[in-house]
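Peer 1: Listed here are the chains, written in short residue letters.
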Amino acid sequence: MSRAIQIRVSESVVRTIHVEDGVQSPLEMLPVLGAERMAELLATELEKRGFTRDGNLARRTDPDGIEVTVDLAASTVSVKIGAGAKLSEEVQRVGREGQEEELREAAIGELERRLEAQTEALRREVTARLERKLADLRNELDGAIGRATVAALTERAAQLGKIEEVLADDAGNVTIKVKL
Amino acid sequence: MNVVTVADSEYDLVAMARALVAPHSDPPTALLRQQRKLPTQIGPDCARLLEDALQKIWPALWRRDRARLGAPPFARRRGWERHPPAPLQHTRATVDLLRWLVAVPLVSADVATLPATRLALGDQVAIYLALEIAGPVRNVIAQQPFVRAAPLAWLGFAHLMEGEPPAFDDLVTGSGAVVIEALASEIAERWRAVDVSKRAMKRPSELIALGAAQDKTLRAFMTACEKRRELATFVIDAAAPLLERGIAPMPTQLDPAAALSVRSAAREAAGALLRAVIRWREWDDQHRAVRFIDDDFDRAQGLLARFERIGRVGADRAAAWLAELASLAPTTASPSDSIEPL
Numbered sequence: 001m002s003r004a005i006q007i008r009v010s011e012s013v014v015r016t017i018h019v020e021d022g023v024q025s026p027l028e029m030l031p032v033l034g035a036e037r038m039a040e041l042l043a044t045e046l047e048k049r050g051f052t053r054d055g056n057l058a059r060r061t062d063p064d065g066i067e068v069t070v071d072l073a074a075s076t077v078s079v080k081i082g083a084g085a086k087l088s089e090e091v092q093r094v095g096r097e098g099q100e101e102e103l104r105e106a107a108i109g110e111l112e113r114r115l116e117a118q119t120e121a122l123r124r125e126v127t128a129r130l131e132r133k134l135a136d137l138r139n140e141l142d143g144a145i146g147r148a149t150v151a152a153l154t155e156r157a158a159q160l161g162k163i164e165e166v167l168a169d170d171a172g173n174v175t176i177k178v179k180l
Numbered sequence: 001m002n003v004v005t006v007a008d009s010e011y012d013l014v015a016m017a018r019a020l021v022a023p024h025s026d027p028p029t030a031l032l033r034q035q036r037k038l039p040t041q042i043g044p045d046c047a048r049l050l051e052d053a054l055q056k057i058w059p060a061l062w063r064r065d066r067a068r069l070g071a072p073p074f075a076r077r078r079g080w081e082r083h084p085p086a087p088l089q090h091t092r093a094t095v096d097l098l099r100w101l102v103a104v105p106l107v108s109a110d111v112a113t114l115p116a117t118r119l120a121l122g123d124q125v126a127i128y129l130a131l132e133i134a135g136p137v138r139n140v141i142a143q144q145p146f147v148r149a150a151p152l153a154w155l156g157f158a159h160l161m162e163g164e165p166p167a168f169d170d171l172v173t174g175s176g177a178v179v180i181e182a183l184a185s186e187i188a189e190r191w192r193a194v195d196v197s198k199r200a201m202k203r204p205s206e207l208i209a210l211g212a213a214q215d216k217t218l219r220a221f222m223t224a225c226e227k228r229r230e231l232a233t234f235v236i237d238a239a240a241p242l243l244e245r246g247i248a249p250m251p252t253q254l255d256p257a258a259a260l261s262v263r264s265a266a267r268e269a270a271g272a273l274l275r276a277v278i279r280w281r282e283w284d285d286q287h288r289a290v291r292f293i294d295d296d297f298d299r300a301q302g303l304l305a306r307f308e309r310i311g312r313v314g315a316d317r318a319a320a321w322l323a324e325l326a327s328l329a330p331t332t333a334s335p336s337d338s339i340e341p342l
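Respectively, the protein sequence lines represent chains Y and P.
Heads up: the first sequence begins at 1 in this note's numbering, then just goes up one per residue.
Heads up: the second sequence begins at 1 in this note's numbering, then just goes up one per residue.
In case anyone wonders, no lab produced these hints; they're calculated from the structure.
A virtual CB, placed ideally from N, CA and C, is assigned to each residue, including glycine.
Careful, some of the hints might be misleading.
[Said to hold, decoys possible] DSBU-like, lysine-lysine: derived pairs with alpha carbons at most 35 angstroms apart:
{"id": "1", "chain 1": "P", "residue 1": "K56", "chain 2": "P", "residue 2": "K202"}
{"id": "2", "chain 1": "Y", "residue 1": "K86", "chain 2": "Y", "residue 2": "K162"}
{"id": "3", "chain 1": "Y", "residue 1": "K179", "chain 2": "Y", "residue 2": "K162"}
{"id": "4", "chain 1": "Y", "residue 1": "K80", "chain 2": "P", "residue 2": "K56"}
{"id": "5", "chain 1": "Y", "residue 1": "K133", "chain 2": "P", "residue 2": "K202"}
{"id": "6", "chain 1": "P", "residue 1": "K227", "chain 2": "P", "residue 2": "K202"}
{"id": "7", "chain 1": "Y", "residue 1": "K133", "chain 2": "Y", "residue 2": "K86"}
{"id": "8", "chain 1": "P", "residue 1": "K216", "chain 2": "Y", "residue 2": "K133"}
{"id": "9", "chain 1": "Y", "residue 1": "K86", "chain 2": "P", "residue 2": "K202"}
{"id": "10", "chain 1": "Y", "residue 1": "K133", "chain 2": "Y", "residue 2": "K179"}
{"id": "11", "chain 1": "P", "residue 1": "K216", "chain 2": "P", "residue 2": "K227"}
{"id": "12", "chain 1": "P", "residue 1": "K227", "chain 2": "Y", "residue 2": "K80"}
[Unchecked claim] Across the chosen pairs, the derived CB separations fall in these ranges:
{"id": "13", "chain 1": "P", "residue 1": "A323", "chain 2": "Y", "residue 2": "A85", "range": "51 to 59 angstroms"}
{"id": "14", "chain 1": "Y", "residue 1": "T119", "chain 2": "P", "residue 2": "Q143", "range": "28 to 36 angstroms"}
{"id": "15", "chain 1": "P", "residue 1": "I278", "chain 2": "Y", "residue 2": "A85", "range": "55 to 63 angstroms"}
{"id": "16", "chain 1": "P", "residue 1": "R291", "chain 2": "Y", "residue 2": "R156", "range": "49 to 57 angstroms"}
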């Protein structure tokens with residue numbers, strides 16, 4: 001009488017993963033002054049909001065890891081976030097003698113599936129964090145662009161004559177009185 | 001009465017040709033589903049009947065446009081009054097298409113490929129009509145290399161295409177331009193319907209592929225018809241009602257689990273028709289600059305009149321929608337199922 005031999009196959013993996021998500025969007029600015037001057041005014045506004053100027057780029061990394069980069073020459077903003085994790089998984093499969101190769105393949109397949117699922121979960125988490133931030137960031141950038149535009153209008157008005165009065169209301173409307 | 005006898009398989013070929021020309025009186029549904037073995041050659045009677053059916057394509061095209069009078073810059077006359085009909089050139093490719101449509105069961109999982117070949121204008125029209133009548137198997141036909149070699153198929157059904165479109169030069173001169181004039185209103189309707197459908201699309205990858213095909217088609221066609229810009233007025237007719245009623249191609253139902261970068265690319269891709277409207281605005285600026293003493297004055301005035309349907313207000317709205325589609329955090333539009341038929 002033959003005896004059935006049970007085989008136990010164990011596979012494990014440790015993998016470091018990095019996931020990233022991000023968007024890029026154009027910035028709409030009225031061409032009140034030349035493109036270079038408009039970029040300068042916007043850069044000044046961005047610096048007040050914690051951005052660091054590096055040539056044509058203004059960058060900021062927020063405490064939550066979100067990187068915001070404004071390309072002043074191309075008038076675009078890129079927002080991205082990345083995250084890393086060290087994943088470790090172990091899978092065991094039990095079968096009969098002669099099935100070793102089959103069991104090993106099944107274990108490796110299962111490991112890959114688990115790692116893929118964990119990577120996807122991390123990617124979704126990263127995406128959700130980024131998504132929560134975008135509406136506030138849009139408002140912040142709209143505010144910076146608005147202030148830069150007002151500064152540009154004031155400069156333009158000064159070129160036309162003597163500014164007598166600048167009135168701003170709560171709705172963001174600005175009236176500049178100029179004596180020509 | 002002269003009765004002509006043909007083999008069963010030949011009868012199906014003739015029936016398919018008639019269905020292309022008059023789908024309402026000869027519906028092709030059963031023919032597209034069946035599998036039939038065809039002999040390598042057709043008899044002279046069958047050839048004559050096929051020729052007879054295909055000769056009716058011109059009246060069929062004009063009938064599809066309900067024999068509409070020309071709008072500016074075309075003369076206010078019917079299509080056949082503006083352009084005396086010249087016979088459409090068909091090659092063996094038309095017969096190959098008919099044979100494939102009749103022989104291959106297009107509802108099956110494994111459909112024999114119809115390889116690409118050189119196409120005459122008549123062949124292209126036959127392909128366009130086949131796509132039009134195909135209903136649920138339209139995608140299967142559109143995937144064939146033979147069909148993707150037809151610029152008219154791209155112009156009419158860009159949303160089903162993938163890869164690079166062929167050159168559109170044949171469609172902007174001679175009989176090709178007349179075909180485009182005759183089909184312009186239905187091409188516009190189809191582009192409009194596809195734009196509305198973008199609002200309900202869920203899979204970003206599908207929208208990215210659709211937008212890429214539309215962008216390539218519109219860019220290539222509008223470049224090809226620089227000297228016959230009136231042929232691109234279907235863009236105006238497609239977009240005008242949407243702009244007027246505030247129906248932006250804003251995909252509000254994209255899979256929220258997809259990466260933001262992918263969703264963002266999908267939203268941007270959705271603006272293909274709007275980008276063509278912006279190109280029309282650039283053309284409009286050029287038409288405004290044409291002076292009374294210039295040769296092209298009358299044509300420019302006609303094109304100005306056509307673009308008035310969208311006008312500055314509509315073009316500004318298109319630009320605002322494009323900005324919204326590309327923005328960091330788009331505002332949500334109302335769901336597409338609230339839209340009544342246009």
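Peer 1: Give a verdict on every hint.
Peer 2: Here is how each hint holds up against the structure:
1. K56/P / K202/P: With a Cα-Cα distance of about 42 angstroms, the restraint between K56/P and K202/P is violated, given a limit of 35 angstroms.
2. K86/Y / K162/Y: violated (63 angstroms)
3. K179/Y / K162/Y: OK: K179/Y and K162/Y at ~5 angstroms, within 35 angstroms.
4. K80/Y / K56/P: Status violated; Cα separation ~59 angstroms.
5. K133/Y / K202/P: holds (23 angstroms)
6. K227/P / K202/P: violated (39 angstroms)
7. K133/Y / K86/Y: Within the cut-off at roughly 26 angstroms; holds.
8. K216/P / K133/Y: holds (34 angstroms)
9. K86/Y / K202/P: holds (32 angstroms)
10. K133/Y / K179/Y: violated (44 angstroms)
11. K216/P / K227/P: holds (19 angstroms)
12. K227/P / K80/Y: It is violated: about 44 angstroms lies between the C-alpha atoms, which goes past 35 angstroms.
13. A323/P / A85/Y: 51 to 59 angstroms: Roughly 36 angstroms apart at Cβ, these two residues miss the hinted range, so it is violated.
14. T119/Y / Q143/P: 28 to 36 angstroms: This hint holds: roughly 33 angstroms between Cβ atoms.
15. I278/P / A85/Y: 55 to 63 angstroms: violated (43 angstroms)
16. R291/P / R156/Y: 49 to 57 angstroms: violated (33 angstroms)
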